[in-house]
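A.B. asks: Given next are the chains, with one letter for each unit.
2 protein chains.
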Amino acid sequence: MNFLEERILKDGVVKEGNVLKVDSFLNHQMDIDLINEMGREWKRRFADKNINKILTIEASGIGIACIVAQHFGVPVVFAKKAKSINIDGDVYVAEVKSFTHKKVNQVILSKSFLNSDDHVLLIDDFLANGDALQGLISICNEAGATVEGIGIAIEKGFQIGGTVIRNFGYDLESLAIVEGMNHETGEVFFRKQD
Amino acid sequence: MNFLEERILKDGVVKEGNVLKVDSFLNHQMDIDLINEMGREWKRRFADKNINKILTIEASGIGIACIVAQHFGVPVVFAKKAKSINIDGDVYVAEVKSFTHKKVNQVILSKSFLNSDDHVLLIDDFLANGDALQGLISICNEAGATVEGIGIAIEKGFQIGGTVIRNFGYDLESLAIVEGMNHETGEVFFRKQD
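Listed in order, the protein sequences are those of chains P and E. Note that numbering that gives the first Met the number 0 has the first sequence beginning at 0, numbered continuously upward. Note that numbering that gives the first Met the number 0 has the second sequence beginning at 0, numbered continuously upward.
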């Protein structure tokens with residue numbers, strides 16, 4: 000069991016409906032030492048990749064991306080979410096439909112900050128069905144940037160996002176993959192990783 | 000002239016209507032080395048303060064707060080913005096009215112992560128009229144937490160926020176205070192600081 004899985008068991012809270020609350024250390028209150036440990040682990044897992052930029056999406060991805068960026072010595076760019084805005088200026092826009100909520104959202108990024116010279120590591124806190132991540136990848140494709148890897152803190156392995164992303168051939172490294180939860184006992188079950 | 004003022008002159012873009020775009024290094028693409036320098040400077044300015052937590056607000060404040068937190072060795076908590084939501088659970092809510100847009104927004108923070116034992120440094124990227132910051136202070140007051148200081152990257156000195164916050168007696172340290180801009184020449188004029 001790795002450091003993030005241990006922390007989830009210690010401080011995560013399981014709620015009915017397969018909800019895992021990690022807001023005491025990851026996405027509301029943020030434990031910076033833990034996130035630095037995540038940065039070191041992703042640097043180890045992506046050691047052979049030549050990465051010059053970290054891309055994430057607001058809001059909770061931003062802090063994680065900034066800490067992790069220090070381990071790669073690169074800048075961060077974050078995409079913005081919008082319901083539907085008037086686009087002024089030169090931006091990439093990806094329309095992403097939420098499988099769960101049927102809503103369509105836009106993921107937006109200035110064209111100034113991503114182009115075909117970029118070798119990108121995508122970082123986010125959670126992966127479930129993965130519509131936000133699909134939007135980020137779509138923007139990288141539009142920009143001609145290379146997605147060198149994807150680092151996710153917590154993947155919900157019982158939802159489809161991780162499977163789809165790996166089927167497409169992306170190098171997805173989730174530090175904890177949750178296979179199931181029991182809100183009555185508080186148990187969390189992880190997929191075994193090497 | 001300090002490092003942030005120099006960077007604004009180098010890479011900031013002045014647009015009509017007193018708009019200063021710093022999205023190439025601060026709030027869309029983020030220069031992590033620059034933000035670490037900001038962290039060192041705030042640590043110097045708040046050296047006599049006993050700070051145990053950094054509080055900010057989504058979205059662009061989060062990354063800055065996480066990097067700065069490393070210089071204080073403390074966790075980050077970020078408040079969330081909402082138009083008007085159904086509050087479930089135990090949260091602080093501050094209603095803040097935008098002087099410019101006349102809209103009312105809510106600033107929301109879980110009660111689990113702020114209480115009367117906390118000595119807080121507030122961090123954000125911009126201060127103009129300061130309604131978001133007023134909401135954060137209101138939440139600290141509701142929690143009984145002590146606001147030890149406020150660190151702002153760029154203050155618009157010709158708007159009212161900084162004056163009000165200092166009138167209330169808060170220790171506000173803005174790294175760059177813009178007194179005026181000229182979008183035709185691209186000039187930016189800073190308030191002299193010690």
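It should be emphasised that the hints constitute simulated quantities derived from the structure, not laboratory data. Check the hints yourself; a few may be wrong.
Put simply, identical chains are the same to the list, so a pair is met inside one copy or across any two.
Capping the alpha-carbon separation at 30 Å, the derived lysine-lysine pairs in DSS-like fashion look like this [said to hold, decoys possible]:
{"hint": "1", "residue 1": "Lys191", "residue 2": "Lys48"}
{"hint": "2", "residue 1": "Lys102", "residue 2": "Lys9"}
{"hint": "3", "residue 1": "Lys96", "residue 2": "Lys9"}
{"hint": "4", "residue 1": "Lys14", "residue 2": "Lys42"}
{"hint": "5", "residue 1": "Lys79", "residue 2": "Lys191"}
{"hint": "6", "residue 1": "Lys110", "residue 2": "Lys20"}
Small disclaimer: the values here were computed from a predicted structure and weren't measured.
A.B. asks: Does each hint hold? Answer for all of them.
C.D. replies: Hints versus structure:
With identical chains, the CA atoms of Lys191 and Lys48 are at most 30 Å apart within one copy only, with a shortest distance of 24 Å there and 45 Å across copies. Proximity of Lys102 to Lys9 under the C-alpha cut-off of 30 Å is found in neither arrangement, the shortest distances being 34 Å within a copy and 41 Å between copies. Neither within a single protomer nor between protomers do Lys96 and Lys9 lie at most 30 Å apart by alpha-carbon distance, with minima of 34 Å and 39 Å respectively. For a Cα distance limit of 30 Å, the shortest separation of Lys14 from Lys42 qualifies neither inside one copy, at 32 Å, nor across copies, at 39 Å.
Taking the shortest alpha-carbon separations for Lys79 and Lys191, neither the intra-copy value of 33 Å nor the inter-copy value of 34 Å comes in at or below 30 Å. Proximity of Lys110 and Lys20 under a CA criterion of 30 Å is satisfied inter-copy only: 15 Å between copies versus 35 Å inside one chain copy.
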